[in-house]
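Here's the letter readout for the chains.
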Amino acid sequence: MMSLKSTKAFILIVIGLLLLGFPLVASQYVSYLMLTFFAYAIMVLGLNLLFGYTGLLSFGHAFFMAVGAYTAAFLTGKFSILCMEVIIVIAVIISSALAALIGLVCVRYIKIYFAMLTLAFGMLFYSFLLKFYYLTGGDEGMRVLQPHLLGFNLSEIPKMQFLTGNYYFYCFFIFVLLVFVMWKIVSSPFGLCLKAIRDNPEKAEYLGINVKRYRWYAFIISGAYAAIGGVLLGSAIGHVDPGLTYWTHSGTLVFMTLLGGFGNFFGPLIGGAVYIFLQDKVMSLTTYWRFIFGAILAFLVIVAPGGIAGVISSLVKKEKSIE
Amino acid sequence: MAILSASDLRKYYREFCALDGVSFQINEGEFVSIIGPNGAGKTTLINVLTGLLTPNTGKVFYKDKEITGIGPEKLSKMGVARSFQLVNIFPNFTVLEFLMVSVVSRLGKGTNFYSSLLRDQKVTREALEVARLFGLDEKKEVLAKNLPQGDKKMLDVASAFALHPEVILLDEPTSGVSTSDKNKIMETLVSASKEIGIKSIIQVEHDMDIVFSFSDRIIALHQGKILSDSTPAEIEKNEEVVCTVVGQKECFKIFRTLMDRER
Chain D
1 MMSLKSTKAF
11 ILIVIGLLLL
21 GFPLVASQYV
31 SYLMLTFFAY
41 AIMVLGLNLL
51 FGYTGLLSFG
61 HAFFMAVGAY
71 TAAFLTGKFS
81 ILCMEVIIVI
91 AVIISSALAA
101 LIGLVCVRYI
111 KIYFAMLTLA
121 FGMLFYSFLL
131 KFYYLTGGDE
141 GMRVLQPHLL
151 GFNLSEIPKM
161 QFLTGNYYFY
171 CFFIFVLLVF
181 VMWKIVSSPF
191 GLCLKAIRDN
201 PEKAEYLGIN
211 VKRYRWYAFI
221 ISGAYAAIGG
231 VLLGSAIGHV
241 DPGLTYWTHS
251 GTLVFMTLLG
261 GFGNFFGPLI
271 GGAVYIFLQD
281 KVMSLTTYWR
291 FIFGAILAFL
301 VIVAPGGIAG
311 VISSLVKKEK
321 SIE
Chain V
1 MAILSASDLR
11 KYYREFCALD
21 GVSFQINEGE
31 FVSIIGPNGA
41 GKTTLINVLT
51 GLLTPNTGKV
61 FYKDKEITGI
71 GPEKLSKMGV
81 ARSFQLVNIF
91 PNFTVLEFLM
101 VSVVSRLGKG
111 TNFYSSLLRD
121 QKVTREALEV
131 ARLFGLDEKK
141 EVLAKNLPQG
151 DKKMLDVASA
161 FALHPEVILL
171 DEPTSGVSTS
181 DKNKIMETLV
191 SASKEIGIKS
201 IIQVEHDMDI
211 VFSFSDRIIA
221 LHQGKILSDS
231 TPAEIEKNEE
241 VVCTVVGQKE
251 CFKIFRTLMD
261 RER
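So the sequence lines, in the order shown, correspond to chains D and V. Note that our numbering gives residue 80 to position 80 of the first sequence, counting from 1, and the numbers run on in steps of one. Note that our numbering gives residue 219 to position 219 of the second sequence, counting from 1, and the numbers run on in steps of one.
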């Protein structure tokens with residue numbers, strides 16, 4: 001009998017290998033969906049550091065995603081910087097700087113006020129993208145040119161093959177790396193302090209934790225994560241538009257997190273995967289897919305507030321207690 | 001030597017005067033109790049002393065530094081900690097994790113983003129040490145919200161002790177605990193403070209048995225003013241003060257206790 005820890009590690013390795021081998025067996029279309037999963041997964045990982053671990057619900061997280069995506073569009077389109085690693089680094093720098101500025105204001109507030117403030121900043125950026133069309137292309141958006149990966153120019157490979165081949169593996173490794181880094185962050189002393197702030201900020205303050213500063217750090221990290229997700233998504237779609245930062249898109253990220261369960265590290269990742277594939281399925285069946293998703297959301301909040309991960313972990317606990 | 005002192009503290013809630021010119025000093029090595037009827041301003045005083053509230057006038061000093069309205073976070077780093085009247089915990093933390101927060105904070109490791117907490121043996125060891133002092137070591141894996149009421153209270157206090165402060169302010173450490181457990185809790189507190197090296201303890205307390213048996217000095221508050229500031233022996237002689245401050249019922253209890261003792 002394996003210990004729980006090694007069982008978990010085993011499951012993770014199997015899932016990792018399945019994801020790695022995915023494009024070899026699945027159709028190009030499904031692999032492409034998986035690609036968007038990697039991008040969204042990175043964003044919700046960042047979102048959950050704020051929401052699940054620090055207790056701050058951001059309704060403007062898509063802002064940072066759009067910052068990442070537009071950075072990719074600007075650098076590839078206007079500055080001819082095609083090296084993906086450079087794009088990612090610049091996106092992280094820009095988004096961290098913006099998160100640091102916006103965070104200075106936002107982390108002074110909590111709950112609905114924090115949610116509304118972040119939403120407001122997202123919508124400000126939306127208006128900016130829409131109105132400064134000579135810079136941003138307005139509602140038509142901008143193209144994101146195919147990036148060079150690890151210094152290799154792969155433009156000779158057909159686009160779909162590039163995306164579901166080289167680019168897929170590239171995104172997979174970034175995804176794994178960022179999951180690992182986030183895991184380290186939440187298991188660090190810093191992660192413990194964030195959870196303390198979530199549970200009881202007043203008490204945390206009395207134990208010598210600078211609550212606002214720690215929230216600010218978390219805000220910056222989550223902003224950087226969203227921007228990396230945005231870069232990967234923008235390059236995968238090949239096009240960015242202001243809709244990326246519209247508040248409903250932030251809502252989608254929150255939905256994914258709730259669907260998977262914000263109380264669990266892997267919950268939002270599960271939520272992201274289920275959302276993307278479910279949306280694809282439901283959209284092909286009916287144009288009223290939003291109706292179905294609304295019903296799912298209502299069901300979740302009422303019946304399973306812990307999300308899919310919450311249901312799984314309670315089932316595992318039941319199993320254990322029966323044994 | 002004075003370790004904590006207050007001069008002419010006044011605090012108003014609109015027209016209501018919660019503290020009306022309170023001055024005192026706490027010396028190193030003292031156990032001081034603050035007593036008074038409900039609404040006398042005891043908790044306001046603790047909140048002002050710990051910098052959570054800024055007084056309208058007056059100053060608070062810790063050693064030589066002014067700490068008026070400095071805020072709990074900075075104050076805890078300087079060496080002043082507190083516990084709360086109502087249980088104030090992280091409900092979803094295990095006992096061990098809870099105490100680790102204090103230790104991490106004290107060791108300045110809170111901004112350590114990348115090292116593993118579980119592998120940090122120093123943090124674990126020190127957290128366990130405090131758990132042992134408070135008899136919580138066997139419950140280290142229990143979630144704080146699942147602890148019995150008395151243990152929750154102890155955990156709240158223990159987390160303040162884990163900061164290794166020089167001065168600790170305890171807001172009714174035995175409230176909500178059965179009378180039989182009160183003495184045990186106080187003995188635990190005193191012995192833990194010796195082990196940790198806490199220099200002075202200030203407590204707000206209603207239970208006069210405890211106040212009289214543990215305090216070096218008693219400060220009696222009434223309507224925001226200090227009515228008396230003296231040793232238990234001196235207060236015992238002053239029937240009038242005691243009766244005003246603690247009310248008739250308690251007063252009766254105290255004198256009964258005193259008479260029992262004399263017998």
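Bear in mind the hints are in silico, worked out from the structure with no lab data behind them. Virtual Cβ for every residue (Gly too), placed ideally from N, Cα, C. There's no promise every hint is true.
Stated by the list, open to error - Heads up, incomplete: computed chain V residues facing chain D, CB under 7 Å, no partners named:
1) F16
2) S76
3) G79
4) Y114
5) S116
As the list claims (entries may be wrong) - Partial chain D-side listing against chain V, Cβ under 8 Å, derived:
6) N200
7) P201
8) E202
These are the hints, each one checked on the structure:
1. Interface restraint check: V:F16 against chain D, minimum CB-CB distance 23 Å, threshold 7 Å, status violated.
2. Below 7 Å, beta-carbon pairs count as interface contacts, and V:S76 has one with chain D at about 4 Å; its hint therefore holds.
3. The criterion of a C-beta within 7 Å of any C-beta in chain D is not met by V:G79, whose closest approach is roughly 10 Å, and the hint is violated.
4. For V:Y114, the interface hint holds, since its Cβ comes within 7 Å of a Cβ in chain D; the closest pair sits about 5 Å apart.
5. Because the smallest distance between the Cβ of V:S116 and any Cβ of chain D comes to about 6 Å, under 7 Å, the interface hint for this residue holds.
6. For D:N200, the interface hint holds, since its Cβ comes within 8 Å of a Cβ in chain V; the closest pair sits about 5 Å apart.
7. A cut of 8 Å between beta carbons decides the hint on D:P201: the least distance to chain V is about 10 Å, and the hint is violated.
8. Taking 8 Å as the C-beta contact cut-off toward chain V, the hint placing D:E202 at the interface holds, the least distance being around 7 Å.
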